[in-house]
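With the hints as constraints, model all of the structure from the sequences given.
Protein chains: 2
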Amino acid sequence: MNRETMKWWGWGREDTAFHHDDKPALRPLLLDRLGVDIDIPAAGPPHLDDLHLPQPHRPEPLTSALAAATELGDVPVERLTHGTGKSLRELVDLRAGRIGRLPDLVVYPGDEDETAEVLRLAAEHGAVVIPFGGGSNISGSLRPPGDETRPVISLDLARMNRVESIDTESGLAVIQAGALGPELEDHLNAAGWTLGHFPDSFQHSTLGGWIATRSSGMQSDTYGDIAAMVAAVRVVTPRGLLVTRPLPGTSTGPSVLEMILGSEGRLGVITRATVRIRPLPKRRVVLGYLYPSWAAGLRAAAAITRGEARPAFVRLADAEETTFSLSLRTGGPGRTGKLLDAYVRTIRRQDPRQLCLGLVGYEGSPSSVRRDRKLVATSVQAEGGFAIGAGAGAVYDRKKFDTPYIRDFLLSRGVHADVSETGAPWSRLPGLYDEVMTAFRTGLAESGARGSVMCHLSHTDPIGACLYFTFAVVPAEDGDLSTYDIVKSSVQQAFVDGGGTLSHHHAVGTEHARWLPEDVSTAGAGLISALFTATDPVGLLNPGKIVP
Amino acid sequence: MNRETMKWWGWGREDTAFHHDDKPALRPLLLDRLGVDIDIPAAGPPHLDDLHLPQPHRPEPLTSALAAATELGDVPVERLTHGTGKSLRELVDLRAGRIGRLPDLVVYPGDEDETAEVLRLAAEHGAVVIPFGGGSNISGSLRPPGDETRPVISLDLARMNRVESIDTESGLAVIQAGALGPELEDHLNAAGWTLGHFPDSFQHSTLGGWIATRSSGMQSDTYGDIAAMVAAVRVVTPRGLLVTRPLPGTSTGPSVLEMILGSEGRLGVITRATVRIRPLPKRRVVLGYLYPSWAAGLRAAAAITRGEARPAFVRLADAEETTFSLSLRTGGPGRTGKLLDAYVRTIRRQDPRQLCLGLVGYEGSPSSVRRDRKLVATSVQAEGGFAIGAGAGAVYDRKKFDTPYIRDFLLSRGVHADVSETGAPWSRLPGLYDEVMTAFRTGLAESGARGSVMCHLSHTDPIGACLYFTFAVVPAEDGDLSTYDIVKSSVQQAFVDGGGTLSHHHAVGTEHARWLPEDVSTAGAGLISALFTATDPVGLLNPGKIVP
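Protein chains in written order, with the UniProt record's numbering: chain A, 1 to 548; chain B, 1 to 548.
By construction, these hints were calculated from the structure, which means they are not laboratory data. Using N, Cα and C, we set each Cβ at its ideal position, and we do this for glycine too.
Result set (DSSO-like, lysine-lysine): computed pairs, CA atoms no more than 27 Å apart in a straight line:
hint	chain 1	residue 1	chain 2	residue 2
1	B	Lys374	B	Lys282
2	A	Lys400	A	Lys338
3	A	Lys374	A	Lys282
4	B	Lys338	B	Lys23
5	A	Lys374	B	Lys282
6	A	Lys23	A	Lys400
7	B	Lys374	A	Lys282
8	B	Lys338	B	Lys399
9	B	Lys374	A	Lys374
Computed spacing ranges between beta-carbons, pair by pair:
hint	chain 1	residue 1	chain 2	residue 2	range
10	A	Ala387	B	Pro281	23 to 31 Å
11	A	Pro279	B	Pro281	25 to 33 Å
12	A	Gly384	B	Arg162	37 to 45 Å
13	B	Arg345	A	Ala394	55 to 63 Å
14	B	Ser367	A	Gly384	24 to 32 Å
15	B	Ala228	A	Gly384	28 to 36 Å
16	A	Gly100	B	Ser489	53 to 61 Å
17	B	Arg162	A	Gly414	53 to 61 Å
18	B	Arg284	A	Ala394	38 to 46 Å
19	B	Gly110	A	Arg98	51 to 59 Å
20	A	Asp402	B	Asp113	50 to 58 Å
21	A	Asp21	B	Lys282	51 to 59 Å
Structure (structure tokens):
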């Protein structure tokens, strides 16, 4: 199989990495917050030769039957890239040489028939199948259970990556599940259309993966999350091909489509989806706004979202994330930054350390963009905010997929950085933010480590939004996840205790599974569990994910 | 229990009925289409005394335990109103004295605890529970299976009908499931809010019923259907209280909320929901448009829906439904109608018999309504349509909940009238319309009866819309459903054969169950079935609905 997967030990392409040489404000910030000097030469990336991969469990009859039925992977590193996602735990474990259980075989079926045959053979030979898209999952959804004794097959959808058809009358496209973000967007764009789904992982994740994890893109504010975009699916299941229809609405019992969305491979292999597409907008601009405080920014964001403007996205960084963003500027804050600082202090009489950066993305016809900008300006001004032009937005747009590389950069410098995100109603967001911050600090104090946390608001909706926390801790020693575990648990617990969800769009996997009953109630988790158990009693499909 | 239920033998209130005396154009139209003279005195409504209700099966220990736990109904007619919905089949059967299996007991729990106790007692005593909202279901969802030998309990939510709280910051309201449309809208309106859900049944259906059947209201075009409005539910299940959270988005596996939506009582009793509400619009106006043909109207509707305008609804009647609507005008078409006719013939050179009436509802701020009207006008004119002002819209708004009464009027005159509706992508709608019309005529020819059919488009969405067919057949004799069965089956079959859904918003029940595997595929129906069987193996909850 030709398609490149991500580097086995970190995010993204082998030839791409984060550098700080041209960002003078970053070093002092991290020195202050974490006590870490990023100028000290970092550890290099790990070497594959240093790792001891466990022997694969490949019973002959199964292996040769699979080889006859479809394309089989034969490079050892494939077992690594397919058996681990990109959660901090997985990256730290890999760097520490803790490999765990890996898939025994990687297969690349070229169509639904081959996919069905893989499932049939797996069932016949008592094996396990774990579907694989781009490998970007950060919730443990790709890992075989540590104690799995059956052969484990990773089923990679890479060969099913085409846009099959576009229905221009209905605004629908049929796309194979293995298509990566850029593969499908390039194809749609060439025809004048866009799906408009841009998660952080966009460059390395697939349509099937988005569906299987209920992904949400940066423009979900108006484009909707993947659940709102998917009109129909085709899924190879142990009981035959599941096919739903693209419909504007339907009243056919509990939604089969919504059972597949978020199923993380437990109900079958998603092979194709019909998605809602939109004409490429005539005009697109991202504008920056500064607010005197987090609270003011939250109120403005709520007002914008509930008003008549329909911006493609509304984001708001808290003061700490605003500071961090500015520290990533090439050449530092520069003249504009200093002028802004003076303006805020002397003219607006606001505390620059409390300033929060907001971004609003506008898309549509020129007249609709004009109208939305006016409506937004009113909400911004009502909260003491002011516009700062298109500069910050342009930087955001250019760098928006690069953030995950920073984690590897920090990991090589002994810093464990990760994200936890939630969603809640507007009325709960200010309180929830405070509670999470307290939980983080309490967890940190308990562990005795240094650390820092920042947050932004995104994925707005009339009833609420996502709070996206990025945190970093400095563990006592390399490979020690105990500090991370304490802090991550504290944050997750604060989510569900405070009326939020365990994850707005990062899935359950194994990382978040223990909070599921607190989020959807024990009876709710029971429905999910019943669904899986009744349709797959032997655990043929990605066992142990979402519910034990 | 004090709340009035609908008349047992037909739609709505006892003191309300449809009359034709003031509508001179209706008689000639029906005479022409059906050969029925509505001036001939009709059969009166049936008398309860003429019916022989089967003896209820009320084992003493269960009955007294229920009486101790909650409020028990004690009026014989309650068994009729609770054991039948308002499908044509049920109304014809009742008029013909074919009662079938009725509930043995009707209970009115006042809260979740009483509801849970009813479920517990039912399970302990081997009984069946069928939740009841307003009784307006037309898909057989309320009927106990004919061969049910266990005691059947109808659980009426009427005492749980309050709006509990309004979260003005988040635009959310917590409402008890037994609230009828007017009960909850009046309460919300008084506080300046609206749910915006107006199904035909609005006056006689409940929030819980809407959720259990995936209802869609007349303004679903922008307000969304009930699935889009419901942010969270509370459900009493045999395995405890199921509670989901109101969230702007979540990534917690297959959606538990979407399992409850459309579950028709098979997973539990919905007791409460958190719904998205909106401020009452500052301005509201419904405008009429005339199109030279159905095809032109369809193209205009698609263009409007996919454009930047956000009208509250877009409707389009075909030529036959346009004629029918005009025939319902008090005093006939009148001077305006005649002038219009002349204008169309002589100035626009269009065939008045092909004219199709469109309605567009506008809501929002005055400036947004102005903008939407302009955008819509462009799409209308591009298809040769023209605006006819606010008259038709005002009539529609005033009469929109009255249509179901016409069915009883016709039934008393020997005419079986019913509706079948579907949804499909825009690209399929013209073809599907033709296929359904052919199927209707073929079915009619097969049965040898007279009949007529008309259609409107509604519930528009960027990817498609609902086609809503209203048909009438004249059976060979009173109470004979064979013609109806042939025609209804032909229409439903044409839906699923043509890429539509078996029902856009009328649920599955027993009427549509046989088409479910063709709609969601056998594997999809298998997921639904597995969910029900795994969580309720003995069929405690509304057995036999959706899937056998």
